[in-house]
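Novice: Add chains P and D to chain X, keeping to what the hints say.
Listed below are the residues making up each chain.
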Amino acid sequence: MSTDERATVSLPVRNDADLMTVRQRVRTLAQELGFGLVQQTKLVTAASELARNTLIHGGGGSVTVDAVSDAQGRDGLTLTFRDEGSGITDVDRALRDGYSTAGGLGMGLSGSKRLVHEFSVDTALGEGTTVSVTLWRGHASHGPR
Amino acid sequence: MTDVPPVGTATSVVARLLREKKEHIAQLWADQPLFQAVFTVTRDEAVEAGRAVLEALAQVAESGRVDDIAAPGFAMIRQQLAAMSTSRTRSGLSIGQIDREVGALGAAPAEFLEDASGDTDERVRARLLWSELLATLRVVVIETALQENREIVERQRQQLLEMATPVVKLWDRLVAVPLIGMLDSARSQVVMENLLEAIVEHNATMAILDITGVPTVDSLVAQHLMKTVAAARLMGADCVISGIRPAIAQTMVQLGLDLGPVTTRATLADALELALERQSEQAKGIAPRH
Amino acid sequence: MQPGASSVPVLDLGGILLISIQGELPDDAAVDLRTDVTLAVSETGARGVIIDISGLDMVDSFLARVLAEVAASARLLAAQAVLVGMRPSVAITLVELGLALPGLETSRTVIEAASRFGVEIRDRGDQPAARGTDRTPT
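Chains as they are written, first to last, in our numbering: chain X, 941 to 1085; chain P, 96 to 385; chain D, 782 to 919.
This is chain X alone, in the form it adopts within the complex (with noise of 0.2 Å):
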């Protein structure tokens, strides 16, 4: 995987506008490079959930964005999100559906995952959390059986 480095854009996850300003730059690199629209709205709704996470769990930080291509040359979208929160006790457990510790649906971490091709959780006690998701263009999102 290789990284465009005019591509990537960082953005700030402190409060509930920098949620929205997340939102609605995923969703215009997501247009511009060409994804669908149900793709679009996977990634905006995964980067949303991550997002929020990071605000309410992390105590907010940030996340930068990606252009991405693979070896066979898929283009794709990476959001990576970064806090320097207590980090996660038990990254099984968050990830299953109905966890929750903030009074949310419990859908957050275990339901982003199905929104994405790749994602990934490096999260150490007191150190902090970092997710990293990817969507590649034009796939379904479990890719073929």
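These are computed hints drawn from the structure, not numbers from a lab.
Where hints are given, some of them may not hold.
[To be verified] Here chain D is said to cover these stretches of chain P; the calculated rule only asks that three of the stretch's residues, wherever they fall, bring their Cβ under 8 Å from a Cβ of chain D:
| no. | segment |
| --- | --- |
| 1 | 210-223 |
| 2 | 286-293 |
| 3 | 326-338 |
Heads up, the beta-carbon is just placed ideally off N, CA and C, and yes, glycines get one too.
Specialist: Chains P and D only, in chain X's frame:
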């Protein structure tokens, strides 16, 4: 003045020859199947194409990157090579056969190199360099042809997906998708998107997913069907699944597959009947116009 | 934004409340909306609440929860809430997200939802956006 390294001499010999004999070689190439069969309108066209290829090869030789398919010289003719290989593929040639036709282009320049002045060593090195350059050209052509094929396959796959999932308007505000063949993830996605778009387009209150033509229903297919029904419901349309054949019903029970709250009917006709019943019920429920 | 007042107007159609969410909703506005709708239902004694989301190009789990809560509060006050005009892309995304919102009543259009409550709205045919399409109205 220092001695020019041998390889450098060979590259300039080859480059010079390709340019000096450009007209002659291009004329010879124009009669070979690769050019003749592609440029059928006028012979001049074939000659012109040959000149372009020779100029590109001369530039690659000059740059000293004869074994590099990414050499800038090749970029100039990539589009032309793609058009040529596509045309040959359409005539029924395999990639191997096209490759041999490209290989056959090597003969004419090789002969000129043989006749070129200079010592034997230099001629041998120039011949070797030319072979290498030709081999790289063959790789470039194969690569272009494969890329072209991939794009064609992808286009056809997409067309097949669209064709295999027609959405039909069955009645006022009632749409149906008769599914035929295996349902994989990619196809399920297209089915779902097409059906939901059709619901908006026809302002449908009901949709029928008919799976009479689906050979097997495994847990993944069942999951896709349920997702489609759930999405239609979120949009305010009822979705009924029809055409679950007895054998499939039994397999589904044995596998423990449950379509949950989804309404099902044995046949498309039964589903249509249900849809019309519901429509008339809804119509009765509406207050008369003022 | 005024604190305590949502940016979304609540219209009284005579026993039916119409809430048309146009464009993106900040989190606090969504929470305000929940309060406003509950108050409006109790003040008007409405028997139905129609929430039109045809203007939304995204519904995440937060907004989904707020919508489900609006419906649940309305139900406690004897009013039925109907969610109307969800776009295909939004529906697909919600289902993938795992939020099929089983407790919510849905309808295709505002007209259809209103007719469920016996209120007839004439279709002027000039509001393609209200049909909940993914296509931009021209």
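Novice: Are the hints correct? Go through all of them and say.
Specialist: Cross-check of the supplied hints:
Restraint check on the segment 210-223 of chain P versus chain D: 0 residues with Cβ-Cβ distances below 8 Å, three needed, restraint violated. Figure legend: the segment 286-293 of chain P, annotated as covered by chain D; annotation consistent (4 residues with Cβ-Cβ distances under 8 Å, at least 3 required). Counting residues of the segment 326-338 of chain P whose beta carbon lies closer than 8 Å to any beta carbon of chain D gives 7, which meets the minimum of three for the stated coverage.
Hint compliance for this structure: hint 1 is the single one not met.
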